[in-house]
Amino acid sequence: MALPPTIPTSFVPRPSAAAVRRRNDLSGAFAFFGYGILGFVLILGIGIFVYSSILASEQSSKDAKLANAVASIDPSIVADFIHLRDRLASSEKLLDAHIAMSNFFSALDALIPNNVGFTTMHLLETDAGQVAMNANGLAKSFNALAVTSDALAADGRIKDAIFSDIKVQGNAVTFTLSATLDHSLVAFVAPVTALEAPVATTSSATTSSTSSPQATTP
Amino acid sequence: MTSRLLPFLSLMLAVGIFFAYVNPLWNGKIAEQRAAIAQDDQALASAKRYVERENQLATAKNAIDPAALDRLKAFLPDSVNNIGLILDLNALAARSGLSLSSIDVTKNTAAVPAESSLPNAATDPIGTVDLKISAVGSYKALQSFLIGAELSERLLDVRDITVQNSANGVYTYQITIRLYWLR
Chain A
1 MALPPTIPTS FVPRPSAAAV RRRNDLSGAF AFFGYGILGF VLILGIGIFV YSSILASEQS
61 SKDAKLANAV ASIDPSIVAD FIHLRDRLAS SEKLLDAHIA MSNFFSALDA LIPNNVGFTT
121 MHLLETDAGQ VAMNANGLAK SFNALAVTSD ALAADGRIKD AIFSDIKVQG NAVTFTLSAT
181 LDHSLVAFVA PVTALEAPVA TTSSATTSST SSPQATTP
Chain B
219 MTSRLLPFLS LMLAVGIFFA YVNPLWNGKI AEQRAAIAQD DQALASAKRY VERENQLATA
279 KNAIDPAALD RLKAFLPDSV NNIGLILDLN ALAARSGLSL SSIDVTKNTA AVPAESSLPN
339 AATDPIGTVD LKISAVGSYK ALQSFLIGAE LSERLLDVRD ITVQNSANGV YTYQITIRLY
399 WLR
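Heads up: the protein sequence lines correspond to chains A and B, in order. For the first sequence, this note's numbering gives the first residue as 1, with consecutive numbering after it. For the second sequence, this note's numbering gives the first residue as 219, with consecutive numbering after it.
Be a bit skeptical, because a hint or two may be false.
Stated by the list, open to error - With a straight-line Cα cutoff of 27 Å, these simulated DSS-like cross-link-like pairs (lysine-lysine) come out:
| no. | chain 1 | residue 1 | chain 2 | residue 2 |
| --- | --- | --- | --- | --- |
| 1 | B | 291 | B | 279 |
| 2 | B | 325 | A | 62 |
| 3 | B | 247 | A | 93 |
| 4 | B | 279 | B | 266 |
| 5 | A | 93 | B | 358 |
| 6 | A | 140 | B | 279 |
| 7 | A | 93 | B | 325 |
| 8 | B | 266 | B | 291 |
| 9 | A | 93 | A | 62 |
| 10 | B | 358 | A | 62 |
| 11 | A | 65 | B | 247 |
| 12 | B | 325 | B | 350 |
For the record, the hints were derived by calculation from the structure and aren't laboratory data.
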């Protein structure tokens, strides 16, 4: 017996046609999104794999170039340059600090009167580059000692000259002199003409001195 | 049902691929490769600068007169060679009229004057030795000896002189001479 059309065939309500269409659209969008993301990630993975291969190739190429560059460096050449630099810089500094004590003796010859002399003398260059002088001397008279003191004061290069331990022995006067030498008095001045001999100290040894042996006891 | 499951599995697969392959590769191997390449670039640039600098220095060195370099090497030699120097000093003393009675050698720890900016530690390229000389001679002989030592081609610094007079006009000298060499 056929049911009349007004009687429903099921107790479950049948969805409307609009709802079914909406659900199909959502499923399609989700599927598009899921497949799209998968495709994108796959392309990304392949791209990264290719990029990594390119980087590996580039790195090995640059490593090889670097190895060549390192191999072309000769350590002995570098050592030579460093040694030459040290030699130039050190020589310059040492030459700047080089002193010539003979200048002091020449100056002393000119400054000290003939009737004053030294029995002992000690010159010492300190590590600071200053030259200190300590001497014991003998003057024929006190006036001669006074003239010496004046001469040293007037010259100014023998600084802080202090006469001490002054003793009168008959007509003569013994004394002790301590002083500091001005750098200009012992500064080395390079000769105008070049040294001839290549060996140390064998050159210019015969340079004559016009100074008189003033340090003899008067 | 299938129309929802497959896109969901695709999404899960994409997430898995991203976190299991793409991300570790990007942040791991590729990052290391890029860093290594950047270091290589820096090293290659340094190597290029080195070659340029080496050429400059070689040109500058070649411009120096070889005779001047030889004189500089004699001025500050590579070795102490104090025996050779003692022979030279002996010859100088003989020419000057000074008679050497003894020579003593003292090795120094302080290499250069304090005002010098040269390093004074183990890295100091300069070595020094003091020669303590006892001599006898006239005052003129001392002056001649001093001038010879000061003008010597090898750098000699007379750092200490003690002069003692005697009644016969012949003096006794204690002279300390510092000599230098490049380590």
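Of the numbered hints stated previously, which ones are contradicted by the structure, given in increasing order? 2, 3, 5, 6, 8, 9 and 10
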